[in-house]
Each structure stands twice: as structure tokens, then as C-alpha cells.
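There are 4 protein chains.
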Amino acid sequence: MKFELKSDRVFDMIAIGRACIDLNATEYNRPMEETMTFTKYVGGSPVNIAIGSSKLGLKTGFIGKLADDQHGRFISNYIQNLGIDITGVVIDQAGHKTGLAFTEIKSPEECSILMYRENVADLYLEPDEVSEDYIKQASVLLVSGTALSQSPSREAIIKAVSLARKHQVKVIFELDYRPYTWTSKEQTSIYYTLVAEQADIIIGTRDEFDILENRIGENEQTIAYLFQHTPQLIVIKHGIEGSYAYTKSGDVFQSKAYMTKVLKTFGAGDSYASAFLYALFAGKDIATALKYGSASASIVVSKHSSSEAMPTVSQIEQLIAADETEAQYRSR
Amino acid sequence: MKFELKSDRVFDMIAIGRACIDLNATEYNRPMEETMTFTKYVGGSPVNIAIGSSKLGLKTGFIGKLADDQHGRFISNYIQNLGIDITGVVIDQAGHKTGLAFTEIKSPEECSILMYRENVADLYLEPDEVSEDYIKQASVLLVSGTALSQSPSREAIIKAVSLARKHQVKVIFELDYRPYTWTSKEQTSIYYTLVAEQADIIIGTRDEFDILENRIGENEQTIAYLFQHTPQLIVIKHGIEGSYAYTKSGDVFQSKAYMTKVLKTFGAGDSYASAFLYALFAGKDIATALKYGSASASIVVSKHSSSEAMPTVSQIEQLIAADETEAQYRSR
Amino acid sequence: MKFELKSDRVFDMIAIGRACIDLNATEYNRPMEETMTFTKYVGGSPVNIAIGSSKLGLKTGFIGKLADDQHGRFISNYIQNLGIDITGVVIDQAGHKTGLAFTEIKSPEECSILMYRENVADLYLEPDEVSEDYIKQASVLLVSGTALSQSPSREAIIKAVSLARKHQVKVIFELDYRPYTWTSKEQTSIYYTLVAEQADIIIGTRDEFDILENRIGENEQTIAYLFQHTPQLIVIKHGIEGSYAYTKSGDVFQSKAYMTKVLKTFGAGDSYASAFLYALFAGKDIATALKYGSASASIVVSKHSSSEAMPTVSQIEQLIAADETEAQYRSR
Amino acid sequence: MKFELKSDRVFDMIAIGRACIDLNATEYNRPMEETMTFTKYVGGSPVNIAIGSSKLGLKTGFIGKLADDQHGRFISNYIQNLGIDITGVVIDQAGHKTGLAFTEIKSPEECSILMYRENVADLYLEPDEVSEDYIKQASVLLVSGTALSQSPSREAIIKAVSLARKHQVKVIFELDYRPYTWTSKEQTSIYYTLVAEQADIIIGTRDEFDILENRIGENEQTIAYLFQHTPQLIVIKHGIEGSYAYTKSGDVFQSKAYMTKVLKTFGAGDSYASAFLYALFAGKDIATALKYGSASASIVVSKHSSSEAMPTVSQIEQLIAADETEAQYRSR
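Residue numbers (UniProt numbering), protein chains in the order written: chain A, 1 to 332; chain B, 1 to 332; chain C, 1 to 332; chain D, 1 to 332.
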């Protein structure tokens, strides 16, 4: 079964939200206290999805607010060099800084992130900095949940979703829940609900859907509620148990997680989303798109960064093929 | 002429104020946008002065508030390993982060710093976290101007100065002016004046004394005003033109700046202060103490970091000696 | 043509939002600078509408947050004595104060209001203080626009609207635009749009609909847009030119403004809304309900207060009848 | 023994700090919940002292920031009409409001005040709005403790004190402690200490001196500490037990409280200070000045307002005389 995304506009996908800096400990297998050097990467869920999608060949744009400093310029240069359109990027004029994420990789099971998110530029995107003319050029608008956490970014997102619906741009909602940017779970649930009910596709982990619903829930309840509203396709990820896709027409698809040598646990969600969307644009059926997502995620968790490590189509397809060969071999 | 600092208490010097993280671009001679790795050091004027003083053999303590995270623990471990007493260090319990300074070294003439100072832990030191019993164990309390920029750190410093005076602890005021932490020059001037009038020794650049007075001034006016109050010794630095020391009794001393291969311009002030104070404790006369300060500064600006690069006594004395030999040679 | 509101639940109407104190100059026809005494009344659009409706016989409840002080207790006692249910009233525990409005009545044409709205209790209503069990007991939920201006009251309202829709409680949106509580017109428009698209009835002045749409508009455009969404009935008031009611089915009704001896201009909107809603509950047709609203407004603007002056059914009906008698007389 | 204040400058006294509005319940002997009308008066300790002093014949000026609204203009007009110079009054341009104090008079023993002090104009006086040329025209600068509670008013006061000392203007520090404007007792103590150590005369209740010292203290300890610094004369009030004046030279004077029919308890301190200062200017000895203060306080607590009720010289002297006659009569 297919869920077709058509590539008939200037941009296949425009992502909106934060773009930050990851500072990944260069040395592995030790606590950050003992780490002496850090390597700089572009980070942040929506810009990572834009990067991943662009590397897979989608025509991609990005809307976000960047600091007027060295980190902001690095991000802007980096994504432009990858071919992502930056017409929608706004430079902050109020001295706000770029968000930072210092990561340590103690072991594959134990990674931690130290965040700098006080008054960061991305949360100062204003509604009137979101252009209707720009959004209507996209087939898909990808919205990230964290951008809803504070004003005025919150209102910019609500406006962008409204504009997308006005121009039949499909809205993809990647839940991307980061507790430290929110003041309460009740508030998170209210704004997640607001956008989820208007989105065409929702992607998140089971834990993130619990945040959306503000209760511990089951997939069946979740989809029963959400399919009363706009959503057509819902993807719920269960970590190493794999992921599920549900359609409004009642179909369910499942994909296992691909085995890999895990270096760290972050970055998986962004690579999943970009490969899944790519596959839908490429005309793959939903079951195959789930495989693309899972395979892409497993590639990124084996690498040092999130953005730099985004795979190519052939890397993803080789992993899927190798896995199927091995499976056939084992099943004989 | 001497200005004696006596080493007859548990600590020669206790420094109070901020301790942060410097992230210095590992690659030189390029803008930070193109720098991909950063090396982590302890930073922040008062902790740097404590580090420099401790390496020169002074018995040193530090009072400050550190984040309860990997960066905070790194700082605490690092200074404790150098032999600095951390009894006065308080761990923040409110989620505030460690201040950051990203540095780029484009060329010896062009360095820039990108600061993260939003709600940083050091500015949340509370007055009741400053211990009278601890301060009275010191010969000298070193106060850094930046700690006056925001409440409650501001009040903690005012209290510390009051306690120092009550117990005949000499107050050294290092002006350390950082514009981005202040709301107005008028406010800076008011709090700088408040502490300067109660300090025994004041050290700063000519520009910093202009901030203190809130006007463009001359050294003669500055000392005429300040010597009406508590100060006994005032050191005014004029960059490559050298520095001046003035005493209340009317003496003036001058030292040139030492020539060196400059790598970057920051860190000079902290190494200057620690070597100058060391020399006063070591019983050197004021003219010689100025040389120690200048020589120490010239060593640090030729190195990659500020804290790690703090010189030993023999490094300082070798530089002074070599310079004098050369001077004799040239004067023949 | 009728738009029936059924009186088949515990409450005909529950109003949600602010309840404040009006301090009306006791002396008329002079600037407030020369006014020496003020008389205290309950004020605030949604509580005024609750008061007006209750006096007209509707079973009414109120949801809002009140200060834990003399002014808060005055409001609570006052509305309870009028028979309004206060189960949904929450007492603020964080020291927030009651909003104030000082009014001066210089002349019928020139009245001004001096507002105290800094951190007032009503804007601190939390989403989890809005009870689903309470809201579902109402036929109608009356929402006032000002309550959307700040968090957490904003989220409490969004949640209340969501709960109302879940339980088939009709949502009445009284636009009640007060510029001083909003940070930008763009933001106002975003949240007004959000609620307006989900409301069953919207009532406001032409100026307020312009705020909702963030442009200077015409009634025809306004209703064309809004009737694409949930609204069934839209009332647009044009001051002394009278008011219009539009139905989704395409009917238009008009009422003139009633002549009266105007004392002051405020309070008209709240009395209009309560009488209009009363008439719908009483089974009057839309054209008659407009008359009730207009007549009620004209009574309140001839009196000193807004809340105390809310008329009874017989006062309203007498005014309408007298006006029609006179009209017949004139038309002979 | 005398403590002479010379009347040889343009102004005898300039008071600096807040000017607010009191809204006193017109009805007595009932809780504010049941009070329906309020009468408006000028209020706030330093402006009240200026009013009281002006009525007693001192040449008086006022420095403070007033809201740009009806309440601000009322205050400005009112004090100007009393002959107080308003050259130093600044009109707020940032929309801040006038502080309010609603008072209820339940009984002579039970009065309560409901304060509105959120972002009030008086606390936004900026240091650069305090004129050196103006302050140097005064014999005395009267500083009120509450103005130290928040920036930028805090810095404006610190600057005003510094300017006063530079120009030999005597500094009178009226402690005027209001807990609701301060973030902590520790902070209050720090800024009270800062100003107290630089003041010539300090006036406060025993409780307020405890706040200054941040401990429960005795008068003997208090004066032992403060007389190590600038103060020459310290007045400590013990309510109905009367008040004490201490001089640096070691003298102690005492005055009883005058009996009166008490209507309410507030306003006493301001009338005390103005009459005490008046008496010093009039060349009375300290013992007599204490009587003037006490008599003035007893007159104000028997009246409805604080500012309007400020007595004349003859009212004060009549009360003192009547009391002494009666005492002689009783002692026979």
C-alpha cells in the first residue's frame, strides 16, 4: 500500500524549526569531564531531517532563525553547501545565541547530552518572518515539536501550519519532544494536540505519543483518537522492537530495527524521518518506507555525528539488501 | 619601594567570582566558521588568577558557584588538582549552566570571542553562600569586576568585601570589565566605584578605569580621586606601551611590555595580576613586581590557552633576565 | 429565523476568563486627576456577561482565577450572592493581584480607563485547573478573547474549548480585544483565529474582527472566511449604526442601536452579549435577540457601573416596547 | 544638646524615592471586602515626608519617577500646589504605573494594606536622571529604604548619596522597610548597610534596625556598630514605648509617645520624620525634636489620610503644650 507524496512543486520538503550546534566529544568511552576536545556539527531535529533528505536527493528548504555570529554563519554555510535552500532563513538581530548540545559517548548504552538552550535564536522566529509565498512552493512542510515550546516560535509554527493547510501543503509532524524546553507536560500536550490534529503524517516514538496525549497510552487508542481528525498516516517507533505505520483506512505495517554496531543513541530519529519521507516521494510502498527509515537510523547510530553521517540512498539500500540476503540464508 | 603582602594566614589569596569554560579553536589562523574542533580549558578571570598564583606557589582558595554538570565538575576537579582550596565552591542546584567562551585565533591581531553568559551559574552566587570564617583566613581577597554585574552575585561580592575589611583582609580589585554582562555603563560605574573606594589595590587597563569613572580620563585625575579613599596602590595598564603603578605616598613606577611572539591577545590580564601579586608576596619591590606582571602576560599570549599556559616563577625570571642581558648588549 | 440554545443541562452558560475590579470615579464630568473618590464594582468582560445573564434568569457558572486578598474575596462573594456558581473559581496561591480598571467620565464622548494588568491573577489560570466534569455540565461555554493573551491562561482557554467541543457544549467567542494585554497584533490574530475557527457563535465589533483577521476587512469577507469552519452564527457590531447577525445558511439580520442618555461608553458589549444569549435561550428569533442585545447595551451606558447596572428582562422589554410605540407614532 | 541643620541653601531638604497613591476606605470599621468607596491621597514615605516638611515651612524638593497617566499627574499637581519643587521629578516613558495602597480600617488595632507594586514607575528612576546640580542645592537629602529594593532605582539612590557626600549635603536615611518589595532579608541588609554607613542621620523603628543588621539586636549594639562609620545621630523608635535619639558623642535622649485617639496605625513614621527634621532646622535641641516627632505622629494616626493630615507647627506645639500642662496638673 502506498501513501504518495508528489514531487511537483519547487520544493519537495521545507523543514521549519531549530538549527543548532552539536559539540561531540572527540574521545569515546569516557565521561565528558575527562574529554578535552569537541568536534563541531550542525544539529537540531528539523535541520537534520532537511540535511538527510537533501542527501537522499529531495529538493529541500529550511525556515529558521540563526544567531548573527560564527556559529550561525557556520550553519547557514553548511546547509547551503549541501544544496538546501536558505531563502527562509532569518538572521537574529537581538543578540540571541545558537543552541548547543555537548555530547559524551561513555559507551553504546550510556550517552548523555549537556544542552545550552537559554534564549536561543531558534525560539525567536516571529510569525511575520514566515512567508506564505515560500511555504506554498512546497509539497510537504515538516514541523518539529520543540519549536512549539516557546513564544514567538510557537506562533510562527501555528501560522506555518495554517498557511500549509491553506495551500494544500502536506504537514508532517515530527514530535521531537525535548523536556528541558517545556514548562509543563500539560502545556506540551495542548500544543502537540493542536498541531497533531491538523497534520497529515505524524512520526514519533511511543513515549512521544504519550506526551502528546498526556497519559500512558496504547497505539490502538492513539490512532483511534487521531484518525478522527486530519491525520492520514501515523508512524509510532518502539526502539529496538521496531516501528509501526498505521493508515486511516485501517492498514498496519511493521518494520524491525536493523542490527548495527551502535556507537551512540542520538541522531536515529532524524535519519529515520528523512529516509521514510524520501521513500514515500520515491513511490515506495509504506512497508518499504519503514525499512528505509529503520536502515537509515541504524547507519547513523554507528557514526560519530548526526548530520554528517546522514546516509546516501545506496548505503540504505545496500544495508536492506544485505539484511535480506542474510535472512534468506538463515531461513534455509 | 615595597608594598608588602604578608603570607601569615592559611591562604595568601582567595579569589572570588566566575569560573567558566574556554573552548579554544584547535586550528589557528582561520575564522571560527571554518574551525571544526575546540579544546576545553578552565577560564574566567578570577579563577585564572587563582590558577596563575597557585602555580607560582601562593596558597590559594577560590569562592564561586559551579554548574551541577560535566563542565562544573571538570572545573572543580581541575583546580583542586592544582592545589587550589575549593572549600568555598558552591554547586548550583537550580539548573544554571557554566559560562562558555569560544575563541577563534584568526591572526595575532585579530581574535574574537563568542560568549555564552545567559543565566550562568557563577552569577547566582548568593550572599549567604559567602563564609565569613573562610574569608578571614586569607591575607588577600581578589575581587573581579564582572561578578558585580548581576544580582545575587553582586550582593555576594559586596558582602565579601565588607567581611574582608572587617577582618583586615586586603582587597584587590581586578576591574575585568566585560561589556556584555552589564545593562549600562552608568550602572557599571556605580558598582565599580563602590568597590574601588573600598579596595587596597586596584588593577586594570586605562580603558577599564574609564569605565569605572564613566568618562575618558587621565591617570593623574584617576589617582587623585581614588587616593581620597581606601586605595594604597593602583596599577594602570596601557597595552604595548607598558604599565604604571601609583602609590598613595606619591611614587610612580613604570614597566614596559615584554616582546614576544603573540599568538592571541586574551589571557594577558589574568597572568599579569597573578605574577604581580606573587612578586609582592615574595617581597619584591613595586618596580620589580611590574616586571613580573608584564613578563608573565607576554608568556601567556604566546600560548594557546589562558589557564594551562600560566608560567612558573623560573619561566618569568628567565624572560626578565634574558631581556636585561639583551638590553645591556644593545646599550654597549 | 431561530438559533436555538437549549436549556437542558445543569448550567445554561459557563463563562471563563477574567474577573477584576472597576474603580469608577464617583464624580462625573471631570478628569480623573481631579476625581477624589472611586466606587468599587466587579468588572471584566466574561464575569460581567455571567452577571448579566444571571440577572436575566440563566443558570450560570464562572471559571476564573481570583487573588487571595480582599478584592478577590469581594468578587467571589458578589457573584455568589447573585446566584452564579463558583465551583470553577480557583484562588491564586502565588501572590498575584486582582486586575484594576480606574474609569473617569469626563463627558459622554470622552471616557478613559487606566488599567492595572501587570501579573494579574486571572492570567495565571492553569490548564489543569479547568475541569472537564464541570464544563460538560453546560449548554454553552462563553470564552473571552483577553484570556488568550498570556500563558498559562491561554492554554487553559485552548483546553476549555477542546473539552467543550468534545462534549457538544456550544462555544461562544466574545472577541473582547484589549490591546494592552497583547505583545503584537500578529500574535493576537493567531490565537483569535485558533479559537474563532472552533467556535459556534462569534460576537464582536467590526474593529475586533479586523484584529482577528489582522487586516481592515468587510463583513462579507469575514463571514465568507469564518463560515468555512465551525461557526454557525456571527454577530458584528457597528456602534451607533447598529449590529448585524449572519447565519451559515446565508441569512442576515440587522438591529439599530437604541437611543439613550449616554453617561459613559464602556460596559455596552458585555450587556449586549448577555441579553442576546438570553434571548436565544428564551427561544426568540435572531432578529429579536439583536434587539435584546442593543436595548440592554443602551441601558448600561446610561448608568454608572457595568456590572451593577445589568438590566432585568422587563427593563429590556419595556425599552423595546416603548421604542416601537414611539416608532409607530412617528410613522403615522 | 543640639544637632544643627542649617537652612543656607536653596532647599532645606530634598527627598528622593517613591510617590504613590493611597486609596483609603471611606467607610471605617469594616473589612475591605465590604468597603464600597475609596478616597484618593498622595502616599509613599519620602513624598509624605516632603509634604509634612513643606507644611511645617521647610523649603522642600522631591526627586522621583511618576507614571505618565492620571495618577502621576495628580501627584505632581498636588505636591506642586503645596509648594514642593518638582524640578527633579521625571515622567516615566515606558508605561509603568503608579504604585497603589488600598487601606482598610477595621479597628484602631487592625488595619491592613493591599499593595500594588508590580513594575511601578518609582522603581524605574535611572541613575542618570538624578542631577548633581540639583542635589547640591540642598542642605539635606532624605533617602527612603524602599527605593533601594530594585534596580535601577537602587543605583539612582546609591548615586544620589554619593553626590550628596561630594557636596556636603547631609544624608538622612529613613529606613522605611517594606518586605514585599525585597527578594531576601540578606539582600535588604546589604543595601541598608551600604547607605547607613554613609548617612549622617538614621531614623527607623527597632524592627527596621533589626532588618538593617539582619539579626535581632539591642540599641546599644546597633549604635556601637554604626557610630564606627559616618552617622552622627541615630533615632530608634519603639512604638508606644516612645523613641530614643543617640549621638556619636555618647548622649541619649528619650521621648514618650503622645496619647491620642488612634484611627489607624499607618502614616505615623512619615509625620514623625518631617517634624523631627523641622525641629532640627528650627534650632530646637534633640530632646525637643523628639517631642515634635512624637506629637506629629500622634496627630496623623488620628486622621483618615497620611499626606493630607500632616499637621502645622501650631498643631504640634499645642499638643505638646497641652500634654505638659496636664502633666504638671497630674504631678501636683
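Hints listed in this document are in silico derivations from the structure and should not be mistaken for laboratory results. These numbers come from a predicted model, not from an experiment. A couple of the hints might just be wrong.
Identical chains blur together in the list; that is why a pair holds if it fits in one copy or across any two.
Below 27 Å or equal to it, Euclidean Cα-Cα: the simulated BS3-like pairs (lysine-lysine) are [said to hold, decoys possible]:
| hint | residue 1 | residue 2 |
| --- | --- | --- |
| 1 | LYS261 | LYS6 |
| 2 | LYS2 | LYS248 |
| 3 | LYS248 | LYS166 |
| 4 | LYS303 | LYS2 |
| 5 | LYS2 | LYS106 |
| 6 | LYS303 | LYS6 |
| 7 | LYS136 | LYS106 |
| 8 | LYS284 | LYS248 |
Cross-check of the supplied hints:
1. When the C-alpha separation of LYS261 and LYS6 is checked against a cutoff of 27 Å, the pair qualifies neither within a copy, at 35 Å, nor between copies, at 61 Å.
2. When the C-alpha separation of LYS2 and LYS248 is checked against a cutoff of 27 Å, the pair qualifies only within one copy, where the shortest distance is 12 Å, while the shortest distance between copies is 38 Å.
3. When the C-alpha separation of LYS248 and LYS166 is checked against a cutoff of 27 Å, the pair qualifies both within a copy, at 22 Å, and between copies, at 20 Å.
4. In this assembly of identical chains, LYS303 and LYS2 lie within 27 Å of each other by CA distance neither inside one copy nor across copies; the values are 31 Å within and 61 Å between.
5. In this assembly of identical chains, LYS2 and LYS106 lie within 27 Å of each other by CA distance neither inside one copy nor across copies; the values are 41 Å within and 53 Å between.
6. Taking identical chains as interchangeable, the C-alpha atoms of LYS303 and LYS6 are never at most 27 Å apart, the minima being 31 Å within one chain and 57 Å between chains.
7. For the identical chains of this complex, LYS136 and LYS106 are neighbours neither inside a copy (44 Å) nor across copies (42 Å), given an alpha-carbon limit of 27 Å.
8. With identical chains, the CA atoms of LYS284 and LYS248 are at most 27 Å apart within one copy only, with a shortest distance of 18 Å there and 43 Å across copies.
Checked against the numbered hints listed earlier, the structure breaks hints 1, 4, 5, 6, 7; every other hint is satisfied.
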